[in-house]
Amino acid sequence: MNTIKLYLHSMRMLLKSQLQYPASFIMQTIAQLVMEGGEFMAVILIVDRFDRLNQWMPGDLFFFFGIMSVTFYLTECFGRGVTGAFPGMVRAGQMDTLLIRPRGVLTQVLCSAIDPRRISCIAVGTAALVIGCQRSAVQWSLLKVLLMGESVLCGFFLILGLFLIEAVFCIYSVKSVELVNALTYGGRSACEYPIDIFPRPLRFVFTVIAPFALVMHVPAAYILGKPLFGWPAWVALVTPLAGLVTFAVMYVVFYRAMRHYRSTGS
Amino acid sequence: MAYIEAKGLTKVFTVRKKREKGHLMREKQQITALDSVSFRVEEGELVGYIGPNGAGKSTTVKLLSGILTPSAGTACVNGLIPWENRRQHVRDIGVVFGQRSQLWWDVPIADSFALLRDIYRIPLSSYTKRLDELTDALQLESLLRTPLRQLSLGQRMRAELCGSLLHSPRLLFLDEPTIGLDAVSKLALRDFLRHENKENGTTVLLTTHDMEDIAALCSRVMVLGHGKKLFDGALNDLLARYDTSRIVFVRYDGDIVLPPLPEQCTSERDGDGYRIVYEPAQVPTSVLLSALQAAGPIRELTAQPQSIDHLIAKMYREMDL
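The listed protein sequences correspond, in order, to chains F and W.
Letter by letter, the first sequence follows residues 4 to 269 of the numbering used here.
Letter by letter, the second sequence follows residues -14 to 306 of the numbering used here.
Watch out, some of these pointers could steer you wrong.
Stretch by stretch, here's where chain W covers chain F in the computed footprint (C-beta under 8 Å, at least three residues) [unchecked claim]:
#1 102 to 112
#2 240 to 249
#3 253 to 265
Derived EDC-like pairs: lysine to aspartate or glutamate, alpha-carbon spacing no greater than 20 Å straight-line [stated by the list, open to error]:
#4 W:K299 / W:D222
#5 W:K171 / W:D121
#6 W:K114 / W:D222
#7 F:K8 / W:E27
#8 W:K114 / W:D103
#9 F:K19 / W:D103
#10 W:K171 / W:D217
#11 W:K171 / W:E161
#12 F:K19 / W:D91
Treat the hints as calculated values from the structure; they're not laboratory data.
As the structure is a prediction and not an experimental result, all values here were calculated from the model.
Positions of the beta carbon are idealized from the N, C-alpha and C atoms, including for glycine.
Could you build all of it, start to finish, from the sequences and the hints given here?
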């Protein structure tokens, strides 16, 4: 409870400090809107050209895009400490100041950054979701609402977990490793589209290594009324948990790695 | 048992060198930052920790505050091993890094303090009391609503000190706290530290390059060089060994060429007078004086010991640091 209070307090304060520079904040938010709007345009153009992708109709594709957008940018907004600020914190020695406080390192990392500019990306994603639901005429039920919530929550932890891989490399080499971006940003770009349109090796990567397909595509397909491989509802409830597993594994690896933290300078 | 007890603390960093031509792998190099250092500090002591750049001072502080894990050896602070019981241990310590801020850059410092209260889970009543006490002693009241980025270096250091003492730690590490401060700020800071040590019994471990800090505050000083402990004792005992020479400035009426002085003296022109360095143990002062007086009418003569910085430099040279 106390940890949540601390997180909220931190977020309030970080927001306050970001709003110290309102012009910069507004401009960057608009820039993000243009960027994510462009991504959405790409999907619209594809839909316009092909009118269907395997069994997926335009509305379905909007839905897939939307759920990835919302989840990914929610993570980048509230998990900024892990998804963006971490390498800088290690390099500049801010890590030392976290270590001398009686709280978990990861808690403090999460409490140390927020990126409210992503709100515009989340808005684009939400718009895509709404359009997708309408065009695909989704029949909502309590189960589907639950599934959707579970998918977003587990997706949040999956993405945090993947970014933790980069964090672990940072601890060892005090430098970020671009290779990991293939999983994080690459995963986002690829998995805006449903998994079954990809060739086998890519399916493997996004099911087993970075299980975006399990966390997002399986429940999304169920919500759209076209369950992948005809799987029943309980499968769609179980597979998103892969996101939590990924996070748990990386959590353990992260704390192991912290023992090798070497600090910088004096 | 002593409050801090370090036994054979050793920290080896592995640094990878740049890959040389013709080699497939990069060579690794082992750098021993701290080499089997042992010491004890009792509760309530105010200990100075000195040594040239790169001697391992900061590494010691980082080990004792639980930031780093040692390669060998062990340490116990108040019965806890810092890097193993990190969370429990840091509840009772405060650390001030002279070159690294612990407060939030863009918000008023009062907001930073409020967040620290949540982090350390300080009850509201003791928090308000402690904050009042600290803002009073550090003269921070008028600055509480100012964002950290708008404070001067001296004000910032005071704010940092306040932030790291809010939870009333029993042990305070200060890593070069007076770096870059003006004379007034330095004196105020020293007064405050002395007060904090005396009134609250806070144990203080101070690393610094400013010998006046040590002279003004610390009864005990530890010298570190190349990762090894070279001296541990009273500052005066340390200085007595090296404080052997005196400096004399002498100015004559008119332009007079200095006569040859006893061999062990060195002399040089300094403005319109002379600066002579000699060791009273080798050349008695009376001998030097009569030689100087024989040269002509002396207008002005001052004698003084060498500055502490010179002594320390001499010590570092002799210890081959």
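So, going through the hints one by one against the coordinates:
Only when three residues or more bring their CB closer than 8 Å to a CB of chain W does the claim for the region 102 to 112 of chain F stand; here the count is 7, and the claim holds. Only residues whose C-beta sits within less than 8 Å of a C-beta in chain W count toward coverage, and the region 240 to 249 of chain F has 0 of them, not enough to reach three; the restraint is violated. Counting residues of the region 253 to 265 of chain F whose CB lies closer than 8 Å to any CB of chain W gives 4, so the stated coverage by that chain holds, three being the minimum. For the proposed pair K299 (chain W) and D222 (chain W), the alpha carbon gap of about 15 Å is at most 20 Å, so the pair holds.
A distance of roughly 17 Å separates the Cα atoms of K171 (chain W) and D121 (chain W); the hinted pair therefore holds under the 20 Å criterion. Distance restraint check for K114 (chain W) and D222 (chain W): the Cα-Cα separation of roughly 41 Å exceeds the 20 Å cut-off, and the hinted pair is therefore not satisfied. Distance restraint check for K8 (chain F) and E27 (chain W): the Cα-Cα separation of roughly 38 Å exceeds the 20 Å cut-off, and the hinted pair is therefore not satisfied. At roughly 16 Å between alpha-carbon atoms, K114 (chain W) and D103 (chain W) fall within 20 Å of each other, so this suggested pair holds.
For the suggested pair K19 (chain F) and D103 (chain W), the alpha carbons sit about 17 Å apart, so the restraint of at most 20 Å is met. Restraint check for K171 (chain W) and D217 (chain W): not satisfied, since their Cα atoms lie roughly 25 Å apart, outside the 20 Å limit. Only pairs whose Cα atoms come within 20 Å are accepted, and K171 (chain W) paired with E161 (chain W) is accepted, the gap being roughly 11 Å. The suggested pairing of K19 (chain F) with D91 (chain W) holds, with an alpha-carbon distance near 8 Å, which does not exceed 20 Å.
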